[in-house]
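> Residues per chain are reported as follows:
There are 2 protein chains.
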Amino acid sequence: MTQLEQARKNIVTEAMRHVAEFEGVEPEFIREQIAAGKLVIPANKIHLQTTLKPKGIGRAITTKINANIGASPLASDDAGELRKLNMALKYGADAVMDLSTGGDVDRCRCNLIKNSPIPMGTVPLYEMIINKPIEELNYDDILQTCRKQAEQGVDFFTMHAGELKEHLPLTQKRLAGIISRGGSLLAKWMIHHNKQNPFYDVFDDLCDIMREYDVSFSLGDGLRPGCLADATDEAQIAELRTIGELTQRAWDKGCQVIVEGPGHVPFNQIEKNMKMQQEICQGAPFYVLGPLVTDVAPGYDHITSAIGGTAAAFYGASFLCYVTPREHLGLPDEDDVRQGVIACRIAAHAADVALGIGNSRQWDDKLSKARADLDWDRHLQLAMDPETARKMRDQTQLPQTDHCTMCGKDWCSVRINKSIRETAGK
Amino acid sequence: MTQLEQARKNIVTEAMRHVAEFEGVEPEFIREQIAAGKLVIPANKIHLQTTLKPKGIGRAITTKINANIGASPLASDDAGELRKLNMALKYGADAVMDLSTGGDVDRCRCNLIKNSPIPMGTVPLYEMIINKPIEELNYDDILQTCRKQAEQGVDFFTMHAGELKEHLPLTQKRLAGIISRGGSLLAKWMIHHNKQNPFYDVFDDLCDIMREYDVSFSLGDGLRPGCLADATDEAQIAELRTIGELTQRAWDKGCQVIVEGPGHVPFNQIEKNMKMQQEICQGAPFYVLGPLVTDVAPGYDHITSAIGGTAAAFYGASFLCYVTPREHLGLPDEDDVRQGVIACRIAAHAADVALGIGNSRQWDDKLSKARADLDWDRHLQLAMDPETARKMRDQTQLPQTDHCTMCGKDWCSVRINKSIRETAGK
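Those protein sequences? They're chains C and X, same order as listed.
Under the numbering used here, think of the first position of the first sequence as 7, with each following residue one higher.
Under the numbering used here, think of the first position of the second sequence as 7, with each following residue one higher.
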């Protein structure tokens, strides 16, 4: 039985207890949320038996973040991907996706799963068409590849099953068109064969495989907007409605479901987008890529997406996919992974604090207390990235001082404030 | 006459015409906004006669950003400050503040003004207490220093005149206390002398100097929250109410007024903070430092503040002060200035797009069109920071290719989408 099926039968699993303990809530609460489809524990039975420490994803608990890694045909190196995984783990990613499209993808994937204590996702379509044009993709490829990856222990699959043939004309008016890789490949297949999306056609069979291993669906938005001008358009909404139907069908089959969302969205449209998904998909966890609040900052899209991600997580998303500074420009390297993870964690944490989830703000209060006390060691230790913070301070500090070059000793407001308080205390 | 006084007399000045042209609106509209106190053109008559190209600050036009530069006692170098000014100009700062507290501050300031086509602000208090304890500050120091700096051409002065003696007990319950440099210094003075804030006491005389040169007030929030726990507390609001009164008093004297705001504010409190200031200060432009939406990310506070800045500019602010990655850790260097300016511009632009101000989104649409067309040259040229974007692409690209390493040629969704469109077009 999947976590969902067990939750429905009032069974509190080991994974649910683990998640409850991490989040500081009752296991029964986690069970209820899973049974309602509002919380997902992406935990393939195979991965769960080995290295996985399960994580929960849902509105009722802390916001989670995902780091995309993976080789491309132009840059593939198993050891390099493992280093990226470790970088993502070091800086606090809650999940990773292996999006490899080059190299020995099976070896790379198995190696990552073996070394990942956090849930791992893939886009199985990618493997299906390595060394083969998309036009040759058939139903068997889909089912066989998904079964193989499920057996390998992948915890969640992105499936662009909601992108229908009848949605494609709606993208004609777009500025950027279809910018999801999976989405554009499937569009090409549908146009070539003049047939419905094959993932949609084999959806019930996919559910059977997913159920068997408890692989969670991550229903991909192949028609997500790739620029502000295309945000919240007819194509995006039409696909979301189909995803809403598929969410119910997967639930009926006992499968866990996450729903993927945009993309590039102006700041003023984020709340509306989040609420629409929560309504259409009946509270299934929303997993967003960004959203980027402007298109004009390639090289800094970890920032544009941290802005959108904070608003998204505040208004309805529960899972944020990181975006690295190299988005739109090249495959991220290890340092890009660090920057992407940190920016995304900032967004997730800022939203958790704003929502008052659990004791999220305790961390802020502890660090601020250390800062106000001029306790630099503790201040830097508590930083989200202690190494970087310490390096920046060390670059400009005088040795053995307890102040920094920002103001110097006499001008330090923290020091002045401390002396005022000490005087007031007497 | 100041810009405000002229606006009230229905005079459209050269500066108003310049601002109107830049914003793509009618000069008469700018005049109306200035007369209502809702728009400020910080333009000292001396600076305006020489190098200044005036900028407008207000809700009705595009959001502006400020970069803080200046030497500290531990790091002062006139040439270095000039390089920081040029870095700020290169990446699109709309204003700079010279916050120097070390070195030859007069020489540094005059040098910066001479080289700055954008408005320049200072916190005159800093100069008043160089080589002298704050306790020795007297009314004459305040008036003389302000007059001297006005004569030098400074366009706006931060004055923490709204922080009253009776507000100080309200900060006792705070986690971080008083973290504004000016605010903590004046608190120390008030406690030592057991007298009212001297800037408050000489406010009318200050207005006379400001009016003479048309230096704009930037009414500083000495009690701004320095951590999430202290946000939107009694002390902050009490000071804001006094600032609201001073805004009216300065207007009555014919002076232009900007109001300064927080600071560290949880994401969910930003809208409320912005609306409160707009109401209490009758629409006077709001100039915020951040706000930072979490305290836990020293080393990345350009990101925490870009998140808060976007929300702030969307809900009520019209002027964002940048925060650099080195905030809380040391004095920013040139590269920190670049990163701070870019992050702040992203926030300002994202808010302008969300608000639909002018033709802000045209930039996004142009870049996205170039991206969809695989027109890399134009794509990178249009980026907010073309150099950084090009460098990132070049680091991983194959020579002479029109694709990037992110997906490689065959997997490029933009390329697939282009071929779909070409097919559909036939």
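Be aware that one or more of the hints could be misleading.
A pair counts as met if it fits within one copy or between any two copies, since identical chains are not told apart.
Stated by the list, open to error - Derived DSSO-like pairs (lysine-lysine); straight-line CA-CA distance at most 27 Å:
id, residue 1, residue 2
1, K44, K372
2, K15, K96
3, K179, K372
4, K415, K171
5, K179, K375
It is worth saying that the hints were derived from the structure and are not from the lab.
> Which of the listed hints are broken here?
Numbers 1 and 2, in rising order.
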